[in-house]
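Residue numbers (this note's numbering), protein chains in the order written: chain A, 1 to 581; chain B, 582 to 958.
Worth double-checking, as some hints may not be accurate.
[Stated by the list, open to error] Far from chain A, some chain B residues (derived; all Cβ distances over 12 Å): (1) Ala-598; (2) Pro-618; (3) Gly-709; (4) Arg-714; (5) Phe-759; (6) Glu-826; (7) Ala-828; (8) Arg-890; (9) Gln-892; (10) Asp-917; (11) Pro-923; (12) Ala-932; (13) Asp-942.
[To be verified] Here are some chain B residues pointing at chain A (derived, C-beta under 7 Å): (14) Ala-631; (15) Met-662; (16) Ser-668; (17) Ala-670; (18) Trp-672; (19) Gly-684.
[Claimed, not checked] Which chain B residues stay away from chain A? Per the calculated CB distances, all over 10 Å, these: (20) Ala-693; (21) Gln-707; (22) Gln-723; (23) Asn-793; (24) Glu-805; (25) Asp-835; (26) Pro-883; (27) Glu-927; (28) Pro-935; (29) Asp-943; (30) Phe-946.
Rather than coming from a laboratory, the hints here were simulated on the basis of the structure.
Backbone N, C-alpha and C define an ideal beta-carbon position, used for all residues, glycine too.
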Amino acid sequence: MSTVNPSAAAAAGKPVFAQRWRNLDRSYWLWAFAILVLAVLVVNPLLRLLIVSFQDDGGGFTLANYIAAYGRTRHLDALVNSLILGMSAASLCLLFGVPMAWALSRTDMPFKGLIWISILGTFVIPPYLGAVGWILLAGPNAGWLNRAFAALTGADSGPFNIYSMPGLVLVVACYSFPYVFVFTKSALDLVSSEMEDAANILGAGNLRTTLSITLPMVAPAIIGAFILVFLEAIALFGSPALLALPGRFHVVTTQLWQFFEFPPRVGVAAAYAMPLLGVTILLFWLQRRITMRKGYVALTGKGGERRPVALGAWRWPMLGFCLFVCTLSFFMPMLVILQAATAKAWGRGFSLDNFTLDNLRFTLFENNLTRDATINTFTYAGGASLIAIGLSLCIAYAVNRNLVGRRLGNTLSFLTMAPFVIPGIVLAIGFYAAYANPPFLLYGTAWILILAFATRFLPIAFTNANAAIRSINPELEDAVRILGGSRFTAIAKVVMPLLKRSLAGAFILVFIPATRELSTAIFLYSIDTQVLSVLLFDKSDEGNFEALASIGLILVFITVALILIGFRLMGRDFMLRRTAA
Amino acid sequence: MSKLVLRNVSRSFGDFAAVNDLNLTIEEGELVSLLGPSGCGKTTTLRMMAGFLSPTDGTIEVAGKIVSSPGSSLPPERRNMSMIFQSYAIWPNMTVAENVGFGLKIRKTPAAEMRRRVDEILEIVQLGALRDRYPAELSGGQQQRVALARSIVVKPAVLLLDEPLSNLDANLREEMRFEIRRLHDEFRITMVYVTHDQAEAMVTSDRIAVMNKGRIEQIDSPYELYCRPKTSFVAGFIGRTNFLEGARRGDQVDFGGFALPATTLGRDARSGVPIKPEGSGAPGTTSGSGGSSTRIRVSVRPQCIQLHRTQPSAADDRFCVPARIERRAYLGESWDYHVGLPGLQEPLRVAARPQEVFEVDDEVFAEIDTTQVTVID
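Please build the complete structure, drawing on both the sequences and the hints.
Below, the structure written as structure tokens:
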């Protein structure tokens, strides 16, 4: 033992400030900045939303907003309509999605690949574009289905009217059932054949086994998916705006939009948004509880041997059902949209002399409005993706490397994931309330859209960034530091090069929904900051369906191209990582 | 001057005290192992030395300068240390040469010198031919060598090794033990080596600090540690052993059915001088009168007992007890006998050479080399 150095021992007890300062980890500035950005994106808009709902014009406390929001039967009807829409659409989604998931996961049904591609195609169509397709199909009188019906039966007009609650339910279900499908299928993929064999050996037939063994085992996943699509349905803005408004009824989201018509009544809108926000938070909490329940031990991942159930002659009716659903959601709408986009006048039907590329050429190159909107769409989605991923990366890094303490770390993760339970339209109102007035005055600029998009898709970015950071052994960074590199050196030379691929994938996963986002944009855009989704919605008033379809097709092409790049980068199931929150 | 000094160092995580009032001095150029079961605090200690963790109490000094104290620790990048990690932590995005040269680059070494030193160290670890490979193209042993080269090339003041061999297969592990010792002898770097494998520690180290529950139980050379364990934990952790409880009566230690002479018990095998372990119950002192008895706990290594069919002639420090074979197992390199001794509850484990064959229930004589028997505190 060497002798104790008295001055050293004294310094040990109380390190002087200068020494502390010298030894301080410089990277703390970055984490502090990330926390500040998170406050701007998530905390402030939600706080402002709550505050303005209780504020009068002068800024004083009032309950008048709530009275105005809930004091009218019309407004209450919209709430009920949303409930009906959510329940019916979610039920229809189960009817569509669960049998298809079972067929593709557990049976020997033929042409599974075709069904897969059709479902992927359904994913690719933005819901409001699907609604446009269905207007062309089942609009009163002029819709293709009505004309076909009239031609076949000789009646004056067909029976279909898409501008109705049943029509809306159908369209919403068509573009939400893929969630049910994906959830149920991934649960079914984990059920081992041995479970079913055990039931078979005890004398249960295939049908009985499926109904009493297989389906109950995946019930948590199905219930979880039901909740998810319910929430998706009530938060949707595009399809209800396209179908319910002409049908002369309101749901919550369209009613919220109406509060924003000039002059915008932000306080009333905020008050009216509260049930939507509350229900969403409550149900997401419930969904987590259900899907995380541990009672179902079969879902452990190693299911043992898996053999498909032999359907026999039932293979064909099963395939017929799957094709029917895909026809409703993908084949028919896509066909009529393609036709309208390439037709001189869509009503003149499918003939070569009606074919033209003028619509697409005009939309892409000649029309300033659409050209600018396309550029805007790309810039905003790109900016939003960069911000969302950069911020998520900072937060995920600070949390995983335990740089900010455990309690603050948990809070930060929670806040970053919070937008997952905020409907886009509610988020937009929050952003409007927070940043439309001085001192920020972002309204009318591109920044409010970019920031709102970044916030909206922050959870997707965070899920991916978190998984990416976790995949890196901290010792790789420790090795940099012990050899003399700072934390920033470690991040720049080791972490970033290793994460390139997965971050590129995350970028695409945020970019895709950001290019098609409507419900947030509709509240925050101005004349100079239109994006394609807003333009498409605006044009729907004019009845120029050839132009609508062209804009929609451009969006679809963008998405498909990005997905193909994503496949190249990440492998085939990268789309599923969105939902692995 | 001591190179690395830990003074009353403690580290707790919440309520859990991972390291508890630890004192340790490592001389310049010395290789010291921290040996202990998982969760004993050895890695925590190492990470405090590196600066990845701050102590919650106490200080760490390098060359007389305090680098770690509860309030503020010099960050790892400014300690001029290097470290070898359990996972090797070879950067997969860099070639072998880039990995090895990284520390030099950070230190702004001129390119020509950097290249020379990288080539030199790669030759030493026999990786010269692989300099432009990526880590994914290397075997585990080669990756280990890259890690070694990378940490030595910067000529660190202290090299820390965190279970560096635990991911290698058995043969390679044995080879790398000697490799690490060879590199230590070649460069005389102060090294701290964390391991839970006693053989690894014994092959590589000048001294071994055996840790248990956040404390150092004993720090000694491998030889001392094996032959003179000071605590039951050390005796049990380093090699196998038999513990016997006895009572001291006069100059005899009574184990129930037999007694051993206290004077020879625990005499140093090399010098022949009786060791006086601390504590009043130690043998070799004649303070106790025949009446009062003191409990004594001794450790007898299985190799220190020899079995005979007939009673051998008595020797000064050898003592014979009649015994019976209760169980046996043939391990190839040796026999593992369980031998019952009169008055003992538990049978003694005896390691015998392969040609010393006895049947179960054979009556034998167990000859105990009392110089090899250690009194435990």
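Can we confirm that no CB of chain A comes within 10 Å of the CB of B:Asn-793?
Fine: 21 Å to the nearest Cβ keeps B:Asn-793 off the interface.
Examine each Cβ of chain A, and state whether all of them lie more than 12 Å from the Cβ of B:Arg-714.
17 Å, holds
Claimed clearance of chain A by B:Glu-826, with the beta carbon kept past 12 Å:
Fine: 34 Å to the nearest Cβ keeps B:Glu-826 off the interface.
Does the CB of B:Ala-670 sit less than 7 Å away from some CB of chain A?
4 Å, holds
Least C-beta distance from B:Phe-946 to chain A larger than 10 Å
47 Å, holds
So B:Gly-709 supposedly isn't at the interface. Is its beta-carbon more than 12 Å from every beta-carbon in chain A?
21 Å, holds
Non-interface claim for B:Asp-917: all C-beta distances to chain A beyond 12 Å?
39 Å, holds
Are all beta-carbon distances from B:Ala-693 to chain A longer than 10 Å?
20 Å, holds
Cβ separation check - B:Gln-707 to all of chain A, threshold 10 Å
21 Å, holds
Hey, does B:Pro-935 actually stay past 10 Å from chain A on C-beta?
44 Å, holds
Exclusion check [B:Arg-890 not at the chain A interface, CB over 12 Å]
Consistent with the label, B:Arg-890 stays out of reach of chain A, its closest Cβ about 52 Å off (over 12 Å).
Minimum Cβ-Cβ distance from B:Pro-618 to chain A exceeds 12 Å
At roughly 21 Å from the nearest Cβ of chain A, B:Pro-618 sits farther out than 12 Å, so the non-interface label holds.
Hint compliance for this structure: no hint is broken.
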